[in-house]
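Going down the list, the protein sequences come from chains A and B.
Residues in the first sequence are numbered from 40 upward in steps of one, following this note's numbering.
Residues in the second sequence are numbered from -10 upward in steps of one, following this note's numbering.
Simulated from the structure, these hints should not be mistaken for lab results.
Since the model is a prediction, treat every value here as computed from it, not as a measurement.
Treat the hints with care, as some may be off.
[Claimed, not checked] Just the calculated beta-carbon pair ranges, DEER-fashion:
1. 165/B with 180/A: 40 to 48 Å
2. 180/A with 403/B: 37 to 45 Å
3. 49/B with 174/A: 48 to 56 Å
4. 238/B with 212/A: 41 to 49 Å
5. 287/B with 212/A: 49 to 57 Å
6. 187/B with 216/A: 44 to 52 Å
Glycine included, every Cβ here is placed at the ideal spot set by N, Cα and C.
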Amino acid sequence: MDPRPAPAGKCVSLFVTCMVDLLYPQTGMSVVNILEYLGLEVDFPMAQTCCGQPAFNGGYRRDARHVAYQFLKAFQDAEVIVAPSGSCAAMVRHEFPVLFAGDPWLAEAERLASITWEFTEFVVDGLGIDDLKLALPHPQTFAFHDSCHGLRMMGVGEQSRRLLGNVENATIVELVEHDECCGFGGLFAVKMADVSGAMLEKKIEHILACPADTIVLGDVSCMTHINGGLARRGTSKRARHIADVLAEALPEGVTYGR
Amino acid sequence: MDVKARDFIPVAQVALSDPALRAAVKRATDTAAQKRLATMFWAGRTHGEALRQQAAQARRRALRDLPALLEQAEAAMTANGIQVLWAADGDEVRRLVLDIAARHEVRRAVKSKSMISEEVALNHALQAHDIDVLETDLGEFIVQLSGETPSHIVTPVIHKSKETIRDLFVRELDMPPTDDAEAMTQFARGHLRRAFLEADMGISGGNFIIAETGALCLVTNEGNGRMVTSLPRVHVALVGIEKVIATVEDYATLTQILPRSSTGQTMTVYTQMIHGPRGADDDGPEHVYVILVDNGRSDIYPTDYAEALACIRCGACLNACPVYEATGGHAYGWVYSGPIGAVITPLLTGLENASPLPHASSLCGLCKEVCPVDIDLPRMLLDLRHDLDEAGHTPPVWKWGIRGWAMVARSPRLFGLAARAAGLGGRFLPPRPPLPPPLNGWTRTRDLPELAPKSFRQLWAERQKAGKRDD
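Looking at chain A on its own, in the form it has when it is part of the complex (with noise of 0.2 Å):
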């Protein structure tokens, strides 16, 4: 990874993400609290829609240009943005330079891009945590799933399970071929439906196998894709995002390191 501006001790512009903001504003709330319980002051920027990144990887430049415009007009007074998704953080992070290439909003872009982080990479490799000092109340076993976006385009897979491992009660086992795609990839999930539920059906397989009941990741699209393939095996395991799985173990009223 490239060096960037240490992020400690600024304010944390958090960018929710659309899907996140309509399907699952909990592990929003969860990336909030365990900011906040890190003692950083967080910020949602209400103009903040989407990065366009549906559209950008559908081949419809134009049409992502416009929504990403209104992330850049959202985010213009950020410092530190922190995306609870390796797909969408990699699509501004990597692809907004490619998106805006001649464009006079491109240095704006590329500010953007440079203070954008991955929420487990912010806080491995932004902060240097990795142990959140945190305990579940109860034992649970757990097995990752790797989401490609955040694994090949932004390097991120070792933090969560590094966050998830010094946590009291957690026992991680492994998934196997944990870093093989979901078959989501997006409008693809829908273009091509069958090719992708083929994909789906041998991560159901590796899951069902697995010792673990609950599948962590980073990525609510890939949640949203296995778990709408294990309902429709009528299993109770599921896929969780690591915030709300990190979330659940945050003592009452405690902030880290007081």
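Fit chain B to the known structure of chain A by using the hints.
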């Protein structure tokens, strides 16, 4: 070969509902991928990655200097006694090969594996002129016998089980029935041995041409490549113009990484460096021709897609790709399949003839990770999707759907209203509502998530309000 890439979805559907095919493809690609890992990183991650970067650099240097290297290669090969010919397209390749065949009174030809000969449908042209042509790579031999096309660039019959091959040999060649793979191979070997001895012309591809020495390099495993290039009187090699590399030293790098990435071997069983026809006291062909084939490559060269020409046809991206694993190779509708096929088929045959291919990817990025020459395939797929949209290939339902979504998503006010509406919808809609087309593919195998009663932005606004009251 006709381009049928527009039918990706229906052909993939056939493969998806064929458990035997999917099992065969999965077994073969998993094995190759595991062997790749073992041989690429035999001396650790760092060493393997360094070799990969070295190979990427060798290929990029070669592409940068391609015009000069091609001239250097032509001069060096000519000095070695190889007759160098240039072909702009498939028509010219077929005409040149037929001319050579006529000049040397060729009646029978044997071929070792050449993907470029598939591009230009060479076999049909030869057969139309009453020249017998026999594929001698075992996989290609099976493909030819069954009247199919290769479904993988390295292992052409990856989609076939041993049993279907047995039945084919029994039916077409009167093989005594056996389930023993070795016995079946021996049978095919006997059949091929006669053809090698009777052939007037051998046709091969070429993995690399070394510009500084004028050597044609071939890596093979079955020994058929050596037979094809040494037994018949005439040897004709079809080589893409992008296959030229600068030095023997670069060859040393690439010949280490190609078999590791391809079949997971540290070295192929046969490695040939062909410098020319037989000398006075040697064995070998009397005439060696190298046809340097363009067939669309120089159109790619000046574009942002030039990097795709660095491909050394190892097949690692096919073996890694979860889409290829699900669909097999035939869905891609032309010579090249998997991620590299999804990129170069539109580039070589026209975007309009291959419009589904750039979308046949979840953009998981594994193809880039395994590529021995570090081609950014996901980037090119994204760029091709953009090209498709710019060229007006977006169906109206997507065009207006995306436009409508963008209208909402660019306005915080409309987005906020949509969030409220979604929250209300969550309360009043029945659980698991069916999605309308074109989104209904989702609900065939997946449930929808429940809509949250309140969006994050609502929760946040409430929290801020409550916080202010507390102050």
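Checked hints:
1. 165/B with 180/A: 40 to 48 Å: violated (56 Å)
2. 180/A with 403/B: 37 to 45 Å: Cβ of residue 180/A to Cβ of residue 403/B: about 43 Å, so the range 37 to 45 Å holds.
3. 49/B with 174/A: 48 to 56 Å: holds (52 Å)
4. 238/B with 212/A: 41 to 49 Å: holds (47 Å)
5. 287/B with 212/A: 49 to 57 Å: holds (53 Å)
6. 187/B with 216/A: 44 to 52 Å: Holds - the Cβ-Cβ distance for residue 187/B and residue 216/A, about 49 Å, lies within 44 to 52 Å.
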